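Peer 1: Letter by letter, the chains look like this.
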Amino acid sequence: MNILVCISNVPDTTTRIKYSADMKEVDYSGVQWIINPWDELALTRAIELKEANPALVQKITVITAGRADVEATLRKALACGADDAIRVDAASGDSLYTASQLANAVKGDAYDVILCGIESSDYNNSAVGGMMAELLDYNSVSAVSSLNLDGNTIKVTREIDGGKQNIEVAGPVVLIVQKGIAINPRIPSMRGIMTARTKPLKVVPATDVIPASRVVSYEAPPAKSACKMIAPDHIEELVNLLHNEARVI
Amino acid sequence: MSVLVYIENWNGKFKKSTYELVSYGKRIAAGLGGELSIISIGNVDETELKKLGAYGAGKVLSANTDMALDDKAYAALIAEVANKSNASVVVMANNSTGKALAPRVAVKLNAGLVSGVNGLPLSYQPFVVSKKAFSGKSLLQAEITSGKKVITLSQNTAGVEEFPGDVTVEPVDVSAVSGSVKVLSSDVQTGTILLTEAEIVVSGGRGMRGPENWKPLEELAEVLGAATACSRPVSDEGWRPHHEHVGQTGKVIAPNLYFALGISGAIQHLAGVSSSKVIVAVNKDAEAPIFTAADYGIVGDLQEILPKMTEAFRKFKANA
Ligand SMILES: Cc1cc2nc3c(=O)[nH]c(=O)nc-3n(C[C@H](O)[C@H](O)[C@H](O)COP(=O)(O)OP(=O)(O)OC[C@H]3O[C@@H](n4cnc5c(N)ncnc54)[C@H](O)[C@@H]3O)c2cc1C
Ligand SMILES: Nc1ncnc2c1ncn2[C@@H]1O[C@H](COP(=O)(O)O)[C@@H](O)[C@H]1O
Numbered sequence: 001m002n003i004l005v006c007i008s009n010v011p012d013t014t015t016r017i018k019y020s021a022d023m024k025e026v027d028y029s030g031v032q033w034i035i036n037p038w039d040e041l042a043l044t045r046a047i048e049l050k051e052a053n054p055a056l057v058q059k060i061t062v063i064t065a066g067r068a069d070v071e072a073t074l075r076k077a078l079a080c081g082a083d084d085a086i087r088v089d090a091a092s093g094d095s096l097y098t099a100s101q102l103a104n105a106v107k108g109d110a111y112d113v114i115l116c117g118i119e120s121s122d123y124n125n126s127a128v129g130g131m132m133a134e135l136l137d138y139n140s141v142s143a144v145s146s147l148n149l150d151g152n153t154i155k156v157t158r159e160i161d162g163g164k165q166n167i168e169v170a171g172p173v174v175l176i177v178q179k180g181i182a183i184n185p186r187i188p189s190m191r192g193i194m195t196a197r198t199k200p201l202k203v204v205p206a207t208d209v210i211p212a213s214r215v216v217s218y219e220a221p222p223a224k225s226a227c228k229m230i231a232p233d234h235i236e237e238l239v240n241l242l243h244n245e246a247r248v249i
Numbered sequence: 250m251s252v253l254v255y256i257e258n259w260n261g262k263f264k265k266s267t268y269e270l271v272s273y274g275k276r277i278a279a280g281l282g283g284e285l286s287i288i289s290i291g292n293v294d295e296t297e298l299k300k301l302g303a304y305g306a307g308k309v310l311s312a313n314t315d316m317a318l319d320d321k322a323y324a325a326l327i328a329e330v331a332n333k334s335n336a337s338v339v340v341m342a343n344n345s346t347g348k349a350l351a352p353r354v355a356v357k358l359n360a361g362l363v364s365g366v367n368g369l370p371l372s373y374q375p376f377v378v379s380k381k382a383f384s385g386k387s388l389l390q391a392e393i394t395s396g397k398k399v400i401t402l403s404q405n406t407a408g409v410e411e412f413p414g415d416v417t418v419e420p421v422d423v424s425a426v427s428g429s430v431k432v433l434s435s436d437v438q439t440g441t442i443l444l445t446e447a448e449i450v451v452s453g454g455r456g457m458r459g460p461e462n463w464k465p466l467e468e469l470a471e472v473l474g475a476a477t478a479c480s481r482p483v484s485d486e487g488w489r490p491h492h493e494h495v496g497q498t499g500k501v502i503a504p505n506l507y508f509a510l511g512i513s514g515a516i517q518h519l520a521g522v523s524s525s526k527v528i529v530a531v532n533k534d535a536e537a538p539i540f541t542a543a544d545y546g547i548v549g550d551l552q553e554i555l556p557k558m559t560e561a562f563r564k565f566k567a568n569a
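Taken in sequence, the protein lines are chains A and B.
Residues 1 to 249 in this note's numbering are what the first sequence spells out, letter by letter.
Residues 250 to 569 in this note's numbering are what the second sequence spells out, letter by letter.
Since the hints were made in silico from the structure, they are not lab data.
Watch out, some of these pointers could steer you wrong.
[Said to hold, decoys possible] Covered stretches of chain B, going by a simulated chain A footprint (3 or more residues, C-beta under 8 Å): (1) 372 to 384; (2) 387 to 398; (3) 422 to 431; (4) 452 to 464; (5) 488 to 497; (6) 535 to 543.
[Said to hold, decoys possible] Chain B side only, calculated, beta carbon under 7 Å to chain A, not exhaustive: (7) Asp315; (8) Val356; (9) Leu362; (10) Leu443; (11) Gly546.
Remember, it's a predicted structure, so these values are computed and weren't measured experimentally.
Virtual Cβ for every residue (Gly too), placed ideally from N, Cα, C.
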């Protein structure tokens, strides 16, 4: 069984977002880049499964669509325990563009499981995984919170609104993962960092794809008005404000 | 220029968010000068389907099937109905089902997708929508440039509107539809208020000090008819179940009223709750960042304040 993990490179979650003067672009100067938190957990689970089933899981490949500066992220994934890496040499585009680049790069390769995160913490579009599945004509299961292998049978738990389902699905399948898939993200060991340097990293050219959407402009969220403080011994004042002023009770 | 809205059901019933989606679709159809159709997949009876008429449904296409959510099969069905009804815009909820289906439908229709849209499009020609990005730290306007468009709506950002009118219900042929994922078992929450649907949410953080102190929080929630939630460390510690965790890595909610009790207000927490209409914070630390996000605040010790709050709301409810 071969597992592909899709890795998106995002600004550290605590980054303050700055913009270009015309508000048409994000100013990424000084930003610290990290592996998208969901992708880090997806990779962690893939490594755990390989360690627990060495005879079954042969190879873990990581893939990202991006320019050369994202290779550091792929090296980190290799240091964590992935076996090889692919970078699709594509500029950033919308979800359809990115998903097409990834799907075109792996079409015909024999991955049994493709793992994606439920969303990238930058554009929060929750789209690339499902789009890849459709482009490759694979099954997909979204909102996966646990993944186990029973021989070649893939068993997952999917979160649905107000509950969960335990599901069995045959590969090849795209699993779109969320909270629960792994608990603590793997961090690279010293030995991992050394061996990562010699692991294969293949660069493939981008394909011609036309994006279907674009960002027109950015805006800072509206500032909240000051918080009204209520004295702890005047709780009835809170009740009154919520009823008469905010009108929410 | 017609619009297709996909709606899901919970044991054959719709929820407030369903009506929000339908009336949202109605307003987009009006903006485009087209018709609205609804596609419902699952076992829903005619009486329930007819309720959609009050929100502008017009035509409801009902795919009456027992098949559980299967991303590939459902998406194929929705795309087929979209093509047949000549929909140029397909709308879904930005919840776990919408997130599973919208990307697949978008590829089938060769459409651009923007998910988590806030409210109505800002313009129809070009088609521009607004959404949050960077987990709530930024807002952006996106144009969908393709002929067909798919959007998912962030809950509680458009509101429910009534458009009384006639509704026709037509069955969709599902004989050719078959799924390939096998549901072994499912565990669906019943009775309690669904966190993502709740109008009021009472949420506790590490400042609650331990699972044994949750009783008063639950009492407050009960008095208010609210759902309960928690911060991430609280669910990580096992004080509360995981499905209650809100924030960047948990659920994203947008109730009318959110109580943050003993929650410091970390950016990752706010990412999940900052769309709430009104936030009330109680924290013993006057400098806690939650007060910059809150509308109403009380500085003090929850051990004392929580029971007093419950009492005050109980009195209010009794006189209401
Ligand atoms: C990648 C990433 C993702 C994350 N995702 C999430 C997420 O989705 N959701 C989330 O919540 N967090 C998330 N976090 C964690 C987040 O950064 C914070 O650590 C977390 O939100 C803090 O939880 P808390 O407010 O309950 O606890 P604390 O930060 O410990 O705050 C406790 C608060 O309670 C107050 N307090 C203590 N005792 C009392 C008392 N007796 N009465 C009144 N007040 C009292 C304190 O003054 C303090 O402000 C994430 C972190 C990372 C790095
Ligand atoms: N540029 C990219 N390269 C590789 N994988 C990506 C890329 N962008 C998104 N993904 C994958 O798709 C998931 C969802 O991202 P998104 O649809 O952008 O919210 C991420 O968690 C990644 O697994």
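Peer 1: For each hint given before, does the structure comply? Return the numbers of the non-compliant ones in rising order.
Peer 2: Numbers 4, 7 - these are the hints that the structure violates, sorted from lowest upward.
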